[in-house]
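Colleague: This is what each chain is made of:
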Amino acid sequence: MKWKFLLPAAIFAAVAVAFAVGLTLDSQRLPSALIDQPAPQFELPPIAAIDGGDPYGGGFSSRNLGGGVALVNVFASWCVPCRVEHPQLMSLARDHGVSIFGINQKDKPENARAWLERHGDPYRAIGADNDGRVSIDWGVYGVPETFVVDAEGRIRYRHVGPIMERDLTGTLLPMTAELGP
Amino acid sequence: MIAELGHFALILAFVLALVQGSLPLAGAHRHTVGRDDGGWIALAGPAALGQFVFIALAFAALTALFVGADFSVMVVAANANSQLPLIYKISAVWGHHEGSMVLWVLILALFGLCVAVFGSNLPATFRARALGVQGLISAGFLFFMLLTSNPFARLVPAPADGRDLNPLLQDPGLAFHPPFLYVGYVGFSMAFSFAIAALMEGRVDAAWARWVRPWTLAAWCALTLGIAMGSWWAYYELGWGGFWFWDPVENASLIPWLVGTALLHSAIVVEKRNALKSWTVLLAILAFSFSLIGTFLVRSGVLTSVHAFATDPARGVFILVLLVAVIGGSLVLYALRAPALTGGGLFAPVSREGALLLNNLLMTAAAATVLLGTLYPLFLDAVGGPKVSVGPPFFNATFLPLMAPMVAVMAVGPFLSWKRGDLAGAFSRLYAVLGLAALAALAAWYFYRGGPVLALVALAAAAWLLFATLAEFADRLGLFRAHWRDSLERARRLPRAAYGMTLAHAGLALVIAGATGASLWREEHIQSSLPGDAVTVGGYEVILEGVRQVEGPNYLADQAQLTVRRDGREVTLLEPEKRVYAASAIPTTEAAIRTTGRGDLYVVLGDASEDDSGAWTTRLFFTPLVVWMWIGSLVMVAGGLLSLSDRRLRVGAPRRRKTHGTSGLKKETA
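Chains as they are written, first to last, in the working numbering: chain A, 1 to 181; chain B, 1001 to 1670.
Heads up, a few of these hints could be off.
[What the hints assert, rightly or not] Under 8 Å between C-beta atoms, here's a sample of chain A residues computed to sit facing chain B:
no.	residue
1	A9
2	F12
3	A18
4	W78
5	C79
6	R83
7	P87
[To be verified] DSS-like, lysine-lysine: derived pairs with alpha carbons at most 30 Å apart:
no.	chain 1	residue 1	chain 2	residue 2
8	B	K1272	A	K4
9	B	K1272	B	K1419
10	A	K4	B	K1419
These are computed hints drawn from the structure, not numbers from a lab.
Computed from a predicted model, the values in this text were never measured in an experiment.
Cβ coordinates follow ideal geometry from the N, Cα and C atoms, glycine included.
Construct the complete structure from the given sequences, taking the supplied hints into account.
Modeller: Below, the structure is given as structure tokens:
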């Protein structure tokens, strides 16, 4: 007779176990269909010129990739988390000599420029993805996102959200070191 | 400075919550075993007051930071912008995880304060226990906020401008949807605390049910309104004319609503007939447990959803521990103490109690179904299966068949008497209603020229419920039988709770009718139109006049002008927009809607054609009867509020009656 009063607690215990297992499945690492696939083919123009000046960033295309390990970072001046990860990108480029390429997504040229002039430019080259089309080819979910591309031009890792200090030391630096210069 | 003050207020509130969650409980225990409680019981009230004051201060501080656009605070920088209109700066306070947690504990503290202030009719130990349980819940959540979701964290260096509130949330409908939803969720915490206090005291009786009912009713009204607002918002803002998507977050609000509705009804049985006690206590625990799961499932990263706030694994673990402590702890207490709660009233299967019990079973079965559908992807993922999502087909195939008998019984139940009902007698009064329902289906069939059989059945069910509810009301007044003066006198004497039931049931009938029309008879036309082109939809002729650019406070928009004609006469001009918000560059669509009782004409502007021909994509919908869904929801809420104002439930009025059924563990409180 008394066991039926235990039933709710027992059912909840089962649900709680499922929650616990669900938590251990890393939701940050959204599966990407592109892992271990060659990076998509694309051609992005530089950040557009304003008032007759020169364009900025040199443009970025799939030909830039494949010469060595590189990071591809999707960023925008309107994105607050990008501001958070920016010091980590600067440190990667300056202190660790990692090649970083930028995809500047849906940004105004003057804003993008001002942002890079104010906070520093860690990028080897930047392509302006004004309509977000190339970002879609990369399977980008939101800004910022960062991809690790190996020397053969294959995507090896995808990082969603801002790169924090712990991502730098825990994942990205070991990974770029392992994949070679 | 304001941010630090707010943070400090939260810490003080946490300390007070710890006091409220420990000493009054210990004092009540000492009192029960006959020792001096040392004034600990009396601490509960002042602690609840102090806690409310400090949480209100923290909330005010956060509001001030948003209104003052202080971008050195992380959540402000991430969710506001200097150009954001004032009203959305205020609603942005709870438009993100951290701020919504502040609102959550604020409402919890407000409910605690209400018990402290208006609960003078509760026995002292019972009140101390209920407030103690509230204090424990509050302490858990304040601790969670302080450790993992501090709303006052600074961002160094401060950005020049913020990222802006998600444009989808910049809408009056959504600005006030979360507060109502939270009042509903958190309101169930009162029923929960009362249930736990009753389990501690080992006593559930009619007086207990009368204390629980007003709190549950208030929470239910707010939750109903909150869900309706959310659904209304989704309908007009998301731009595809749907009103319910079976998204995990929507389900998370529906499950407590179903269980809370069951609780409202089973509490009546406890009050009137002294039966179904342990079941009612279980429902009180479950209603709040599902509210908790609903609030936190989507924040923990356990489930991904379109509504999900940014997730963080550290939060997830904390939330799980909290859920296990609150829900697991209370269910274990239930397993230990509930077997001793023996009921008094016996009843035949065909009786008012029987109908209410059947309602309870169907409601909880429906809640379990929705829960299963929501969690199934998670379970599958946990055992290493593929990532799947459970969509509307599952819910339509399982939820609707449970609702059909519900509606059938709902119409009959009020005709049955307590203890032993007369089914044949009830049906004899329902023949006319059955005829009216069939007539309604026929009329719909004629009006919509056929349509799916399911739609006709559903509409007949809505009519069945509506007319049966009205018939029962007429029956009570003795309309058509007695002299009109007698009827008027009876109407005057009828308790407000009876009016409330009639309104709430009739409101549900309207909701069913609206949902049926909007989902099963919807017309949809998508086309590429040049200015001057006309489309016929739902009896309207819609002509695209042109598209122009307009500027809002923080967005730019393409706005189309469409003339709407009916029977050759111009009835209105609709101006749907496609907006791009400056700060976030996120595009949104603003549908234009012409609402009538017959149905809504719903117009969405799509993209301009790429070949510079000047053509625009437009999407036109006609959703019949949909307005009755919102009206019905409001009628349901009105019924709940009317019932809440019933004299018998009024705070202060019910004195503990020492009549029948103070059964249980026979432990006297004083």
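Colleague: Flag every earlier hint the structure violates by its number, smallest first.
Modeller: The structure breaks only hint 7.
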